[in-house]
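Using the sequences provided together with the hints, build the complete structure.
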Amino acid sequence: MSLEVMSSPDYMRDPRKHHFYPYADNGGTSVAIAGDDFVMIASDTRLSRGFNIFSRDQGKVFGLTPTTMMASSGCWADVLTLNKVLQARLTMYSHEHHDQMSTTAVAQLLSTMLYWRRFFPYYVSNILAGIDEEGKGVVYHYDPVGHMEKLTFSATGASVSQIQPLLDNQIGGLNMLDVQPPKMTKELARQLIHDAFVSAAERDINTGDGILIHTITKDGKTEETVKLRRD
Amino acid sequence: RIKQLLFLFSPSGKLVQIEYALAAVAAGAPAVGIKAKDGVVLATEKKHKSILVEEHSIIKVEMITDHIGMVYSGMGPDYRLLVRQARKVAQQYFRTYLEPIPTTQLVQRLAAIMQEYTQSGGVRPFGVSLLICGWDTDRPYLFQCDPSGAYFPWKATAMGKNFINGKTFLEKRYNEDLELDDAVHTAILTLKESFEGQMSSDNIEIGICNSRGFRRLTPAEVQDYLANIA
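Here the protein sequences come in this chain order: A and B. Taken in order, the first sequence gives residues 786 to 1016; the numbers are from the working numbering. Taken in order, the second sequence gives residues 11 to 240; the numbers are from the working numbering.
Hints may contain errors.
[Claimed, not checked] DSBU-like mimics (lysine-lysine), calculated; alpha carbons at most 30 Å apart, straight line:
(1) Lys935(A) with Lys968(A)
(2) Lys98(B) with Lys869(A)
(3) Lys935(A) with Lys98(B)
I should point out that these hints are in silico values taken from the structure, not numbers from a laboratory.
Given below as structure tokens:
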């Protein structure tokens, strides 16, 4: 979206046309990293539009089931609606099945829900993180129309271009010769997430203020807050 | 005299079309289902009206998914429709959740379809009762779906011609410790109660469902079981 058009007043645009653009970019970045028996999902807490900050304390990670969480960024209106509709579907499923949805089922459901809106998409970048049926951590990355990829780590949102290459290198061992990526632990994942967001906040105006890090294991969820630069 | 409109309740509180549909089922070929500890068996009589009929081209015990199978008593053409719709429902479920449809979910959705046909304009109820067997969450399932849309979970049951005798027979013969082999044996014996003539692998059909999924027995396997009865 062009910043000049978005920030110019109505009377300075073409007076003959009424232009309504249904999407807004409210920023937000998310990261998820999976381990053998855990998964960590984090997002920054800044909600913005252009050069304006709407909130310094808006987390973007939503809990879905005891073993699954989702981070969504992009157009905040669509984020909220998508989450609301998904929660409704989760509730309906548990009514019919007398059981919670598994992580893989949620992942597939989200993909089909997004594609249903193929011709007027949810302007949302999603990452799903959860514990699968075997107790392993798993991460799913989505595009706005439901393309889904199962991964062990992923970034999405405003600072994806800054963070994803960092993760590719540090966890995936990409672009390095003769280097074995380390075994993923909670400490390593937390440190990587921290460093990734701190670096992204330096360069991207839409990322900053704070990080909310959620850890999911089969025993439950924990949450941690980290401060980021507020400029 | 109150006019009996087909889609309205009779004074006695019944829907006559459903009653007549159940009569069509009771006149149909016998079908039997038995749940064992480690699986479920479905069996049905497949008598052909003429020796010219090519028996092995007709299949009554049908697979809905890898782990769910179905058989019927009543009108064959109505059954075929329900088989297609059950398969479609199962695939749609898999498309949405990437998980095989639980047997209970399939039964509920299929029964809802059957109920629609008792409350819509211009249609009549299905003239079949279905026996649905499945295996998921490490246990066997056996359900009956009626033309009304009602469904029942069974340990063992019989439908079609002579079903009352069949059920009485099963009440005596059934116990919770049956293994699948014994259940197949018992199912064949139940069918035999109402069978006129000689049973062979050409005129009965058997399907089993266990942890490895659903499949129909080959004629050779059926023959083996029959040999053990004679």
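Hints versus structure:
no.	hint	result
1	Lys935(A) with Lys968(A)	19 Å, holds
2	Lys98(B) with Lys869(A)	28 Å, holds
3	Lys935(A) with Lys98(B)	26 Å, holds
Of the hints listed earlier, there is not a single one the structure fails to meet.
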